[in-house]
Every structure is written in C-alpha cells, then in structure tokens.
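Residues are numbered in the numbering used here as their position in the sequence shown, beginning at 1, plus a constant of 50.
It is worth saying that the hints were derived from the structure and are not from the lab. Where is the CB? At the ideal position from N, CA and C, for every residue including glycine. Be a bit skeptical, because a hint or two may be false.
[As the list claims (entries may be wrong)] Taking lysine to any residue pairs in the SDA-like style, the calculated list, with each CA pair at most 20 Å apart, reads: (1) Lys143 <-> Ala190; (2) Lys168 <-> Thr83; (3) Lys168 <-> Phe104; (4) Lys111 <-> Arg193; (5) Lys143 <-> Arg193; (6) Lys111 <-> Ser124; (7) Lys143 <-> Leu192; (8) Lys143 <-> Val59; (9) Lys143 <-> Asp75.
[Unchecked claim] Quick list of the computed label-pair ranges, beta carbon to beta carbon: (10) Arg91 <-> Thr185: 42 to 52 Å; (11) Arg130 <-> Thr178: 29 to 39 Å; (12) Glu90 <-> Gly131: 20 to 30 Å; (13) Ala122 <-> Glu60: 21 to 31 Å; (14) Gly199 <-> Asp72: 31 to 41 Å; (15) Arg108 <-> Ala190: 18 to 28 Å.
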Amino acid sequence: MAAPAQPTVEFGHVEPLFTHFDDLDLMGMVHNTRYPVLVERALTGYWTRRGFDFTDGRYSKPDVVIVVAEFAISYRSPIRGTNPIGVHLWVEKLGQSSATYGFRVLSADAQTVHAEGKRVHIRLDQTTHRPTPWTDEARAVLRDLAAPGAE
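Please build the complete structure, drawing on both the sequences and the hints.
The following block contains the structure:
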C-alpha cells in the first residue's frame, strides 16, 4: 500500500498510517484499545526518521529511553474498516525531562477527528531509570512540533 497523502496542518506534524484488519472489533470499527497503539506508531515513525530508534536491542540515542506517565483520550467518531488515516502530533509543553504531546487521530483528508487527547513522556536515564533532562538534539526535535503558545 502506498502511504496516504499527508494533510497540511498549521503546527506540529501529521504522521500517515493505515488501520489494519487486526485493529477492528466485531462491528468492523477500530477497537478503542487500538487508538493508543496508533498514537505510539505515529510517534515511533516520526522519531525514527529523525534518528531516534531502538534497533537490534540498542538505543540509537539516550533520549529514546522514555516512559509514558499519562495518556488521555476522547473518542469522537469511529474509524470503520481498514483505511489510511493520519495522526496529528504536537507538543503542548516541554519540561526539563518531560514532554506533553497533543494528538488527533484523523481521517486521511483530515476532515474527521476520530479521537483526540494527550500523552506525557518522561525521559529516563538508561542506567538509573530516574528522570533526566532531554539532550539539546531531542529538545530541538520537540520544539519543531511545538504548538503556538506551547510552554
């Protein structure tokens, strides 16, 4: 399958994805538990193309070591069947060791919002597993996603 066209947004980034048969429930709609997976896949794709990945059991950069501290989602309109979609990602707040993302799961043409919410990441030191500041490189990537008025 070819990647769907990427809609234009005023801030942040839209990551193109597809829904698959295993995402669907018995009614042919994307199951509610799959939306966090879609957001995870969108973030992983975005960061991987910027050199932040986990390949062959190794972290490419120290900022890859993160945990999800909070995840909130509101469902707006079901995704029916297997389709191209987009996940609009942006940063609402950037802390010393945390990042609060906003997200919207969109139809491929960005006309329908299927779900929206936020996700908070905490960067951890790989050895101590304690919060540690973002590197300048990761901070620059996060700033590229910043929404207008982001903290």
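Status of each hint after checking the structure:
The hinted pair formed by Lys143 and Ala190 meets the criterion: a straight-line CA distance of about 13 Å does not exceed 20 Å. For the proposed pair Lys168 and Thr83, the alpha carbon gap of about 15 Å is at most 20 Å, so the pair holds. A threshold of 20 Å between alpha carbons decides the hint, and for Lys168 with Phe104 the separation of about 23 Å lies outside it, so the pair is violated. Distance hint between Lys111 and Arg193 is fulfilled; the C-alpha atoms sit about 18 Å from each other, no more than 20 Å.
Restraint check for Lys143 and Arg193: the C-alpha separation of about 9 Å stays at or below 20 Å, so the hint holds. Taken as a hint, the Lys111 and Ser124 pair is broken in the structure, with Cα atoms around 32 Å apart against an allowance of 20 Å. Of the supplied pair hints, the one linking Lys143 and Leu192 holds, its CA atoms being roughly 9 Å apart against a limit of 20 Å. Only pairs whose Cα atoms come within 20 Å are accepted, and Lys143 paired with Val59 is accepted, the gap being roughly 19 Å.
Between Lys143 and Asp75 the alpha-carbon distance is near 34 Å, which puts this suggested pair outside the 20 Å criterion. At about 24 Å, the CB distance of Arg91 to Thr185 disagrees with the hint of 42 to 52 Å. At roughly 46 Å, the beta carbons of Arg130 and Thr178 sit outside the given window of 29 to 39 Å. The hinted range of 20 to 30 Å is satisfied by Glu90 and Gly131, whose Cβ atoms lie roughly 21 Å apart.
The given range of 21 to 31 Å is respected by Ala122 and Glu60, whose C-beta atoms sit roughly 23 Å from each other. Checked against the hint of 31 to 41 Å, the pair Gly199 and Asp72 passes, with Cβ atoms roughly 38 Å apart. The hint said 18 to 28 Å for the Cβ distance between Arg108 and Ala190, and at roughly 22 Å that hint holds.
Violated hints for the displayed structure, listed by number in ascending order: 3, 6, 9, 10 and 11.
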